[in-house]
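*Asks:* Given only the sequences and the hints, what does the whole structure look like? Please build it.
Chains as they are written, first to last, in this note's numbering: chain W, 1 to 351; chain V, 1 to 303.
The set of hints was computed from the structure by calculation and includes no laboratory data. The structure presented is a predicted model; accordingly, all values stated were derived computationally and were not measured. Quick reminder that beta carbons are idealized off the backbone N, C-alpha and C, glycines included. Some hints here could point you the wrong way.
Partial list, derived from the structure: chain W residues whose beta carbon lies under 7 Å from chain V [what the hints assert, rightly or not]:
#1 Pro18
#2 Val19
#3 Arg23
#4 Trp26
#5 Val27
#6 Gly118
#7 Thr119
#8 Arg121
#9 Tyr122
#10 Thr125
#11 Gln126
#12 Gly127
#13 Gly129
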Amino acid sequence: MTTLTVPARSEQDASLRPVPWRRMAWVTWRQHRLALGGVAALLGALAMWLWIVGRHLHHAYAAATACHAASSPACADLTSSFNGMYAALANGTALQPVPALIGAFVGAPVLAREMESGTFRYAWTQGFGRWRWALAKLVALAVVVTAAAGAISVLIAWYYQPYFATGNQTLSLTQVSPLTPALFDLHGVAFAAWTLVAFAIGALAGILIRRVVPAIVATLAAYTGLAVAAATLLRQHYLTPLATSSLNVPASAWITSQWWTKGGKFAFTGLPPMQLLQQFCPAPPLGSVTRSKPSSVSLAQCLSRHGYTRWTSYQPASRFWPFQWIEGGWLLALSMLLIAATVWLVRRRAT
Amino acid sequence: MNVVEASGLGKRYGRTWALRDCSLAIPAGHVAALVGPNGAGKTTLLNLAVGLAAPSAGDVTVLGGRPPGSLAALDGIAFVAQDTPLYKNLSAAEMLHLTRNLNRRFDRAAAEARLAELGIPLQRKAGRLSGGQQAQLALTLALARRPRLLVLDEPVAMLDPIARHDFMATVLTAMADDGVSVLLSSHVLAELERVADFLILLSQGHVQVAGEVDDLLASHRVLTGPAAEAAKYAERPVVHVRRAEAQAHLLVRATADDPVPPGWEAHPVGLEELALAYLREPGAAALPGPARRRDAEPSEVTT
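*Replies:* In structure tokens, the structure reads:
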């Protein structure tokens, strides 16, 4: 065995510099490469699917918009073929759990596995220092998963592009608002921000619960609660909604509520009651020449002829980016807070 | 310099005190053994010393006044926890690389040489090594950090006699070659006789005995005499009474110069015997200096 000389201790102490941060790069990669590989596989499969379905969607859209003589039967076919791809739009909701899955399966085990297997007693007694160890790991992993989510959200934004085009209404192509709750957090900066917050929730759950599987479950539950609360309660209040009595609300707007007045007095919210419709705007008898069902616009026109006014409270599509930055901003702040709390817990957690 | 110094140290989990009113100083250059029954607070004391736990009361410092868990303390202390936790999916070589990245000093050549000597394959996953090999790997990682204090929590509890012997031989070699101070907890008393030169006995969360082994052995005697006369020593500092037929064996606090009563014989005491006697008498204490506690009434054990 090699004999070793003992270095001069006092000199060492005087110039005691911490172990450099960059040393954690290999440590983090080696210990979490399986989780990161899983994320890469998930996002890779997702990207392929988005690319394949998205190309069909874009082709159908390009054909429908390029068609001249919009009223011709050929153009109507192209339009209905694009509108018939509604499944492509509805499939988008399948993307909603992706940030939660990435966050839960990468974030929750970082500390929970150490606690569960007892290896924290190794990791936290090394010269690197335990809170520095936690901070380095969490920040590095957070940056990686956020960047990966950001990259995939560019592809998601491209995928949905045909539905957000402003000219769709005149061509009677399906159009949705980019602010629609089901889609808002899938593109822009929100997707990456939600992934980051899921990761941060996972890290905190890991140190609090100390078991991998319960921490993952808790992360998914907490994330779902937060996402639903943000979509249903919070987001519509980022900026004061606009209100209009016009019946021509652009289809790209996100309508948050509708109500009716008559003679300056509040009448009812949402859809007109059945008895009112039967009184003023009876539906044409079945089997009549005009088979088409009365649209909400024609109903509104009918009711407004009888002195009713429809008010619409909405967020215009032009507010998409301000909303994205507001949501991205508070999610980033929340994530930093959660990661700071996690590191603080690692630092003071008595075992 | 004291490698560990505690005053009034206490640690509470919920409403139970795992360690209470613990005052001790372990000087550098020793193999200090922390002995006590299960639940006596050995692991708690070690966790406090390496900074894994924070005290509920009192103070503890390491390596001459450093707070445990600080970078300066972590740099100089290598800890091998109970059941030697390693990342099971990492190979021995990867564990070396990991530990090297997490520390300022790491003697990779020495570590690899030691693993080769022990016949531990570098490419094997830590989880697939035998218990003895895992313990040796953990010890190798700890020693390669060139610590000033090596803390081992129940290092040999899970090992067979050969692995146990090899493990302790490695510790003693490191101590002799590099001047590493060692603090280890154990309830394998037989092992201690060979390696420990400083003894700390813990019982029910209190420090019962703390001191250099040579001093402790020099200040204790076993008196053997007629059982009928054993009661005469009730006011003497008797630690433990063992009766066998007509004879009684008394472990007393006395030096070789102290007078022996007529009809009695005095013998020196062994470390294992001394430790056992104190462990059987949780009320008795032998502490250096003013921390000395009033001797409790000895109880009798008939054999």
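*Asks:* May I ask which of the numbered hints given earlier this structure violates, with the numbers listed in increasing order?
*Replies:* Failing hints: none at all.
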